[in-house]
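S.K.: Sequence:
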Amino acid sequence: LNRIRRASLTLNEASVYTIHGFCSQVLASHNIAIGVPPNLAIETDQSADLVRIAEDLFRLHVLSLPPLEQEIALTIWKNPEAMRQSLAALLSRSKLTVFPTPPVTELPERLSALMQEIKATWIDQDLCSLIETSDLMQSRKAYKQRHLMTQLAEGAALLPSDERWDIWRRSALTAVTKKGGQPPEHPIFALFDDVHELRQQIPFYKAGHVARVWNAFRSERKKLTFREGRMGVDDLIPSVVESLRDDRQLARDLAKQYPVMLIDEFQDTDDQQYTLFKTIASQPDSRNLVLIGDPKQAIYRFRGADINTYLRAAHQSQEQHRLDTNWRSSVSIVEAVNHLFGANKSFSQDESISFFPSLPSKKAPSNPVLQRERPIAPCRFVIDSSQASDQRTSNECLAATAAKAIAGLFEGPDRIELANADSPSDSKPLGAHQLAILVRNRSEAQLMQDGLAELGLRSVYRSRQSVMDTPVAQDLVLILSAILRPRHFRTMMSAIATRLFQFDYAELLDIRHSEKKQQRYYEQFSQWRETWEKIGVDAAIHQLIADQKLASVWLALDGGARVLTDLRHLAECLGRRQHTLASKQQLINWLAGDYASDESLHSDETIQRLESDEDLIQIMTIHAAKGLEFEAVCLPFANFNSKPTKRSRGGIIETPDSSASSAEIVLESSSDLIAALDRQAEEEEMRLLYVALTRAKSLMILGLPSYATEAKTAAKSEHRPPIFKLLGLSEQDNLIEALGHLPSHLFAIHPERKGPYRHQITSDRSPITKRVIPRISDNGPRVLSYTGLSRHLTTHLPAHASGLTDEPSKKVISIDSPASDDMAHFLADGLPRGTTFGIHIHALLEHLDFTRPINDQLRVVEQFEQIFQISATREKALLRDWLHNIMRAPLLDNGFCLEHITQETRLDELEFHFPVSQVDALNTLPFLDRTRLEGMRSPKLTAFMTGSIDLVFKHDERYYIVDYKSNHLGMGVEPYATSRLERAMKDHDYDLQYAIYAIALEKYLALRHPGESFRERFGGVLYLFLRGMSHQSNTGVFFCRPDPAAIVDVSKKISYAQ
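For the sequence shown, the working numbering begins at 10 and goes up steadily by one.
Bear in mind the hints are in silico, worked out from the structure with no lab data behind them. For glycine and all other residues, C-beta sits at the position ideal for the given N, C-alpha and C. Check each hint, because a few of them may be wrong.
Below are the DSSO-like pairs computed for lysine-lysine, each with C-alpha atoms no more than 27 Å apart in a straight line [said to hold, decoys possible]:
hint, residue 1, residue 2
1, K635, K558
2, K187, K153
3, K128, K104
4, K437, K372
5, K558, K543
6, K104, K153
7, K995, K1062
Label-pair restraints from in silico Cβ distances [unchecked claim]:
hint, residue 1, residue 2, range
8, A184, Q209, 36 to 46 Å
9, D965, E746, 41 to 51 Å
10, Y531, P924, 55 to 65 Å
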């Protein structure tokens, strides 16, 4: 006992490291023995090096290949960035096994020759006519796709993964021949058989090619260490492990230096780390290796943690000790968790992870949760009874229901109080800051923030997101570029047009046409440049904030505190970084590069900070909450309403047997592999639920849908949410019945709050105020547009629409799919996304003559290809096929499509400017949701509505509005079905946009054709979602015809007398 007491007094003298810090220290102290430079630089971000290596290897291992092999390689990596992203996660492994095996290094030249022979024969001998006069069933592909084969034969690309090479094999033709008929006969069909046999080698060639490029990538990166004295942080552990394996003396020296090693959070380690410590511990001078961890809390598989390493180490250990006391939670919370997780095989099907009931601390309160001065069940289920039909709507309803329940915790007859452990009669109300809402991702967090704000509750989202990954960082790149070149007009205008400056269109137009105002901003940017020169970039940013009064501007806006906090945080990061870079331009490049690279996003230096220390409800991901504790925890989406991600065929997938040192990947998935990966994900979901529930000290709130259909569906499906498994739901059970079987002193259904509910929370801290919806200002003449008006709607884009997510990344490395998915993957991944692409695809369509074949307008198409660096033959062919699809996709029920629109019946980019005095007249349009238009209430104002319509065309004496959309809604054509498009139209407020366009068209036609009736001449509105348009699937086209009478009425009301 005395030894233990003495050891505890000297424990602070022990060396404490992170795993990477320990390896860095080993390399620095033993650099001669290990063979690394003495001044080795450890870099957290090697993205620039990886980009350079990928570009070199892409030229060597893709673009320099023979045509057929190049096309196959391009289905693996369409560009150098795809190669970098797919291999970066594998570079720290010492071994790579690629399936299928054995890999081959080259394809027979005969495959390319056969394909070329088939293409020539198909055209020369008119195989289409032969097929048309044959006995083939006309509903089958061999007959229906004959012209698609002609397109392939006429093109330059071979497209080796295309399914068309399989359709006309002799056995396939026999299978689709009419009963009693004869399949078509021609020597070409025997060639299709030969091609089919040789194509079976393509997966083996891909496997060999990936392995070959991986080896080359690792070799090039290793050269950096010895040639330039630089090493990436991901190489630290492998380097030390390799050195320990080759140098036993190094292991003995480390054992003498560290005879006792305590490894905390061991469940989140991997086989490389275990090998490192086990090698040291196996030396004679080592005394103890103590591994501390809880396998039930292993939730970092997405970061490379391997639960199997923990289980293997536990099996090999000489002694095991259990820490069975819960020092955090009340007695009743401990009992509730024990009850839920006490079922057999809760954590793994093979019982490799056992659950042992925890014991409460002797000082823990029994149940401090009071309601009306009486103890209540501490684990409470909030039930949503809306019976939503889809996942997203279900989550929205769950968020709204949970928000109402949370509001009642703080005020009203059901408010919660917490008893004082030392004096049970003395209780205090639950404070907002004592409640943590735990979610899976940023999308769920946004739903909860919106739901709480509707009820007057303010909250803060605490995440591990990097401040580099924010719109503020993007704006700051443009602003710093302008400060660096203070008298460059276009750079200056780009800077002041950013969101940070908060100028509207009219103000920007005024500056653009006023030399006096331009001169004032030139001088302003010059002053900031001088401050940067004399003091530093951080001082220049703070001066900008003061000069532009950004603090008062942004704090008056909802979410403004977040923007200011991010801006000041970025100033601090840049201030530290400026001393390590040679020039100001390098500093700007660093900011732009850090924002774009994944490798730097986990740095503690760049994690977003809290914007306020007020009495706010905390929202965070379950991963971010691990290791923390809260008086009350709410899990609003406790059903984990998302299935484990399915891995697409053709993707590079890490198998369950992969580890930190040895990766196994496959290029073709199987049902067994998918099942194994899903089982891994489901077991981790159970551990995630355990982590979430064990954060609570006194109170747990779980949100679930009430309707039994979800429980039954989950019980029957492959994916069963962990909460349903814990509740023992079977196909015959429903949720309410299952909850009724739980011990009533521990579990209860929280009473549902009916109707709207608003309140104020009393607190010693700052009061919580209602989120203010910005109103349209009427201060002087201004210019309005759809974009400007949409900011005043009370809806918010979902997180996925803006690319914001806090979900763990999957162990799936992007690679194009084969066969018939070529076009789907090209549209989803081969084409860029974002505003720039949208602008150029609009310009391309504006300059195309819809009535002429695409191949007759290659000059226009090639300009587009050059802008977006579409250089591969395969991608060019796919782009032209896509444009052909767009032209032939039916727009109306009568089969009318773009290729029927002549130059004489179309008007591109119809600009409009019309006066507005009553913008809230839009609220009277019956097809707009009035609940979303609250922000557009405005007194009379003097303004002009401006914009442009992509296309207006005339058909059957009616005029139609067309708007092109380049939005990416998902893979394939299903996300572009009519029902999905209707949702997208609402999500992006496009109904408001086409309302404005329809009013503009009414005013245009009234001027051009004053005697005609708009009610008779208005055809309707077409929104063309270009990535989903197809003449075969009838997808990607949204059509509606708003009531012309309502349009005419609002058109009169919205404008003042002319």
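S.K.: Confirm or reject each hint.
M.R.: Hints and how they fare:
1. K635 - K558: Given pair K635, K558 is violated - Cα atoms ~39 Å apart, limit 27 Å.
2. K187 - K153: holds (15 Å)
3. K128 - K104: violated (42 Å)
4. K437 - K372: Status holds; Cα separation ~19 Å.
5. K558 - K543: Holds, at roughly 22 Å.
6. K104 - K153: This hinted pair is violated, its Cα atoms lying about 47 Å apart.
7. K995 - K1062: The hint holds at about 24 Å.
8. A184 - Q209: 36 to 46 Å: violated (19 Å)
9. D965 - E746: 41 to 51 Å: violated (59 Å)
10. Y531 - P924: 55 to 65 Å: violated (34 Å)
Checked against the numbered hints given earlier, the structure breaks hints 1, 3, 6, 8, 9, 10 and satisfies all the rest.
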